[in-house]
Amino acid sequence: MRNGIAELTQAYQSHAVSPRDIVSRHLDAAESLGRDLNAFTAVTRDSALREARAAEERYLSGQPLSPIDGVPVSIKDLMHMAGTVTGCGTLAYSDEVQTADSAMVRQLRQAGAIIIGKCNLLEFAFGLVHPTVGPAHNPWNPALTIGGSSSGSAAAVAAGIGYLSIGTDTAGSVRNPAALGGVVGLKPSWGHYDPEGLVPLSPSLDHLGLLTNSVSDALLAFEALGGSTRAAKDRPRVAWAELGYTRPDIALATESLVHRMDSEVEWADPIRYDWDLSNAAAIAMITAEAYAVHRDWLKEHWAGYSAGTRIRLAAGAAVSGEDYIRARQVREFLRRHWARITDDIDYVLLPTLPAVASSEEEALVEDLSSATLYTSTFALLGLPAISIPAGLGEGGRPVGLQIVGRPGRDAELLAFAKRVEQERGDWPRPPHYADLY
Amino acid sequence: MTIDEITKWIPEALSSEEERILEQELDGLAGLFDLLKDADRVSPLVLGWDVRI
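Top to bottom, those sequences are chains C and G. To convert, note that position 241 of the first sequence is 229 in this note's numbering; the numbers rise steadily by one, no gaps. Just add 930 to the spot in the second sequence (first one is 1) and you have this note's numbering.
A few of these clues could be false.
Computed spacing ranges between beta-carbons, pair by pair [what the hints assert, rightly or not]:
hint, chain 1, residue 1, chain 2, residue 2, range
1, G, D964, C, A291, 30 to 36 Å
2, G, D968, C, P258, 20 to 26 Å
3, C, S82, G, S945, 22 to 28 Å
Don't read these hints as lab results, they were simulated from the structure. Virtual Cβ for every residue (Gly too), placed ideally from N, Cα, C.
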């Protein structure tokens, strides 16, 4: 079993290891294995070592700032960090060095976390790889996709480089790569983290989220970044979500894990929902808002975008005001409908994705609507949702179980997810893993 | 909006492959909006004017 954040900070407190030593190891790994996986767009060695020295002094004086003080972390290269360029996985964005931190970077710094680098992503978080930037590779098998759009974040954490990565999730972009990379991905309730300093994709649906190697680590990070902690309900009422597209290996891995919890939960009837309608509303809103965000940049920097991304963004011009309002009306209906049918249910369970990771070539031809069908609803409705590794499916590839909670009850969701994780037991390391501590 | 209306403001001429992708995207979007317009089948009462936007 790998060490988590708690074991690391205990070792800091007992002076068994030092933040400088640990951060230095993670920086080296980011520049070696991280480069092989194309997980990082930038490694911030100088600032990380400087901050590690400050963390070391805090531990020596017995005054760490938070449960993640001195912990190496990374951020998706979509949020501003002073002293770095925000790459956005494209050649179309500004190449100016940023002078101010985003709100999330400020929160990480206030908690004492050490940012070791910025992670690769799908171009502007919109679902395609810019050919010059290239895809992040899956540590379980570099020929496989790790999905996206927080692809580098999932690859880094899965490979043991950094204990936490901050991603963004607009239709599944934290949970999808977390599932394919065998890590934990939390998309909190809508508005939980301040998006200031984040390059937007669809401001009505953009969420900042956490990727870690365990729910225990996610809980500590959640707490350190301003979240509360809550105990899980003793015998929560749970329900499966019925979707018709799940491959048998995914169903087997997720159902067998959850049914090990039978004595600890009360089962309600499966949830039936119009997933296609909610996915359509999500994609319609994202397409319209992404076009509005990018309209002027497209005119000025057309050649800097990949061909696929710029065409898909330009297509958003076809969404009329009437169509956009219709999508928002449907969202409001769906929100009410969800609240009604889950009124007496604590957690809804479903696979994070209907299939395991495909090859990177196959992933290129998947369309957005099929990739987001299992995840977009919960971004659309702003519900907290977490993906945890459930088991291994076809070809020994990771399978994610998604657990959806009630709005604003993120801490309870994490506590329940931790119980499911404990029931699952140890999770194997991928073949491409940096055993750093 | 038609392909011609969209391509009018695009600063470069589209290749035939890009035009094909754009056409495909617009077809996909039209399908989504047909689905959204047909959403009243789910609940004609709730999808009326009382919906807060």
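Now for the hints, and whether the structure bears them out:
no.	hint	result
1	G:D964 <-> C:A291: 30 to 36 Å	34 Å, holds
2	G:D968 <-> C:P258: 20 to 26 Å	25 Å, holds
3	C:S82 <-> G:S945: 22 to 28 Å	27 Å, holds
Hint compliance for this structure: every hint is met.
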